[in-house]
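Enquirer: Going line by line, the protein sequences match chains A and B.
8 is the number of the first residue of the first sequence in our numbering; add one for each residue after it.
9 is the number of the first residue of the second sequence in our numbering; add one for each residue after it.
Some clues are possibly wrong.
[Stated by the list, open to error] No more than 25 Å apart at the CA atoms, straight line, and that leaves these computed lysine to aspartate or glutamate pairs for DMTMM-like:
hint: 1; chain 1: A; residue 1: Lys232; chain 2: B; residue 2: Asp142
hint: 2; chain 1: A; residue 1: Lys211; chain 2: B; residue 2: Asp176
hint: 3; chain 1: A; residue 1: Lys171; chain 2: B; residue 2: Glu173
hint: 4; chain 1: A; residue 1: Lys171; chain 2: B; residue 2: Asp142
hint: 5; chain 1: A; residue 1: Lys232; chain 2: A; residue 2: Glu82
hint: 6; chain 1: A; residue 1: Lys205; chain 2: B; residue 2: Asp142
These aren't lab readings, by the way, just hints derived from the structure by calculation.
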Amino acid sequence: MKRIVFHRLFGVLCLTIMLGMGVMSGVAYAQQSGAVPGNTTGSVNDSEFWRSIRQGGQGLVSIPNKTAGIMIQSEGEEWRSLRNGPLSTYGGYLLALSLGAIVVFFLVRGRIKITGGRTGRAVPRFSQPERWIHWFVASLFILLGLSGLLLMFGRYVIQPIIGKSAWSAVASASLQGHNLLGPMFVVALLIMLGVYMKDNIWQKGDLTWALKGGFLSKGHPPSWKYNLGEKSWYWLLFFAGLAISTSGLLLDFPWLVERVQQLQLAHLVHAGAAVVLIAASLGHIYLGTIGVEGALDGMTYGYVDEKWAEEHHGWWAEEAMKTRGDVIEGAGETMPPEKAPAE
Amino acid sequence: MTFLEIVEGPLWTLASSVFLIGAAWRIFGIIRLGRKKDISIPRASALLGAIKGQFLHFVPHGGFSFRTRYHLIAGYMFHLGLFGLLIYAAPHVLFLKENVVGFEWVALPRWGFILTAEIAFTGLILLWIRRISDPVMIQLSDADDHIGSWLTFLTMLTGCMALQESHDSLRAVHMLFVDIWLIYMPFSRLMHSVTFMFSRGYTGAFFGRRGVVP
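This is chain B alone, in the form it adopts within the complex (with noise of 0.2 Å):
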């Protein structure tokens, strides 16, 4: 079996194993933390602000537009090119449909998968520069973040690295970083990208049931 069978094979496998399992228990842990009961009259629907919630949060506050713009744009630009990579990348489609999901779709083309790389590597790196350059920012980070962020940027860059689709081996690095990612991510904050539902909703509920915008 060659490494690329390997990390394509049985690693992958474990990999999207621990990837699900994983996040499957950090969703049934925040179900279980439930909330505290309240007993105030509600004021709205609680079901409406967590609705709302989803939504509202995908633009910054009012009052803090200036001061949040920079990785308000480096994030839009990280997780929209991420996004467009992981989905609309055409080596992944093939891979999805012949590993995961059976069918295919539109790919993008190999001048919007270079656009969407450059965004996304823009964000990434920005993202980056204000964790190790911002005081806040420095103060708050940690291992963990920084593991993260290098183990996010890595996958993408060895995933361009083998846009040539010329060498196996090239292909094969990718898919262990992608293997290693996927194993990282439960145990990490990289799990944002599924909970941040949940915290948005209980957020939303929290303050629709008393009538407030979240």
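Looking at chain A on its own, in the form it has when it is part of the complex (with noise of 0.2 Å):
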């Protein structure tokens, strides 16, 4: 009887050193897993450790760069969602109404041509400096826009086509283009701005012109140097072109900024107005070129038919031939021959 009684406290005291052994090897187990080195943040398990992290918590590192103590950034997550979904979708909705309207615009009105051809008697419209300076900006804008929309809507696009591999070396010229020429257009679009902002401020009759009917008036309403879609035109560059300026300049000089999340809202305003700004710009090209006759010359030549600015500009034309008296006659034999007056 002693023995079994024994044997039984034996087997109930070793079962409960190994319980004992069990549950402490398993404190000794969450504390080393959970803890964080040193116990300096107060984290004491797993969950807690790993939603500081999920929610952007910041640790210590000890280079430079404070921001590396950051392991997970959920803004960005959110900045991604925002690019990758409403902007691309919305961007590209834009661009195709912008190009849509042009299309029906050019069936609707065909070319607006100068009533009765030239005359062949030009009035001076830009000066070599305006045209330099629009020039520059225009070229800069072709260049930046393209590789923009390259990396906006590419990977929708073009990747399909010719791949990833491809794709990702056309992203990183793309990139690197558009980093390097930015600089050069936020420089040039500041200097654009200045030399075309005296006569783009509204005046008295601008209104009247956009009440007429502007571009879709059958007939002509007078205007001055600018109308009011171009001058509409100008604030929107202006507007657009400095939000995308600054963003533009944080994104490529990122130590400018101190925390990623700037970064994050400096590209959604940027890629935002820029999209904006070559929808608009489509009719801006579109106009300028092919969509009124006459109306290039201006930019290319410096002059433009003093029957062209009577037409278009006619409060403009009124005061630059009375004013300055500068009509040049025969100016139009300079031009080349398919530009020439009609017979």
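Fit chain to chain and form the complex, with the hints in mind.
Expert: Right, dumping it as structure tokens:
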């Protein structure tokens, strides 16, 4: 009997010791894996530790870039969703809408010709510095616009055609070109906005031009050097251009900002404003080239036909001819044959 | 053989040979033209005039300083920028060491490269704009001028697009444009990069002999 009792007591003791060791080993394991080394942040278990990281908690790093202490930047997911979602989708719709509107306008209105043909007498419209800065900005705008559109829509349009590997090279090339030419655009844009500002300030009569139908009018409502449509384009360029420039500089020189969220915001502003500006620029390019006969002459040769000036910018033409008397007789003869006055 | 190996190997050899032989041929042609015998009594040294001419033409004549300001500034921006990129861009230093001269020199840091490239691009675009917007330049320019401008622009642009050095294909595209540029050069006005010394020397000697500052 004594022997049986001894054996039972020995068994209970062994079981107690084993269970005790098991529990203790479990506690020791939890402390080793759950606590932050040094136990400096106060995290005591896995879930708190990982929750802190997932919510963008910042740890300590010994390198100069302290933002490297953030392992997961949660706002990045929101930025990615906006960039690949609404921004790309609605941006694409806006560009398609702009192109569609131009096609419809062309089909309805056709090319707006100079009534009765050219007179051969020309009125100076743009000085050489005005033309130089315009074309400089335009050249960079086209290069930056194309590379920017590639970066924004390439993965949906180009990548399925050429494959991921080739697309990677195209994207890298676009990014490098875009980053290099960007700062030049900023400087040139500021100069251009300054050069063209004076004549783009709203004047009495601008609204009349719009109320009489503007571009949609069959006739030619009179306007100053720039009509309300052209002035609207200027001010869109002013505000959207400055937004693109500021955000672009931050993206090009990321050390100017402290937090990566600021770069994400800058990127959304940059891409959004750029899409709006590109969509509007399509209309500007159309009307300045094939849409309106004689419009391009002003920006290439510096002067426009007297008839064109009277038709499209009557008040300006009247003032220019009256105050300066600088209609150039026979200037049209220096233009290429296809632009010579009608016989 | 990969595309990169072709454009950096046999095509590079062909292009540089065409350039060197073509340039030598153009110079030989200029020298062979000779000059009309000048029987006037020299008032000063023609040689000194030729040497002076090399340097005096780096700045425009005083009477034309205002009218030439635009293309003087743009021209210097482009040419100095291009020279800086050609000789001091780090990938170029390495390429020239491995394929041409056998030794290397100090290369531009990355920020220096970017700045130089932006100066060169600004100059080139400004010069091209003058070509398409100045009524006189429009009339003077022909296909050769436009091809030369665009070829130079694309060579520079593809180089900058390969700046990240992450894809061999981008480097190969840049090298392809370099090869085309070198082959085109002897047959075009891009040869002014070599022949400008002869024209300045000739003009300088002509006027120098008459005791006139060229």
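Enquirer: Please name the hints from earlier in the document that this structure breaks, with their numbers sorted from lowest to highest.
Expert: As far as the earlier hints go, 2, 4, 5 are violated by this structure, in ascending order.
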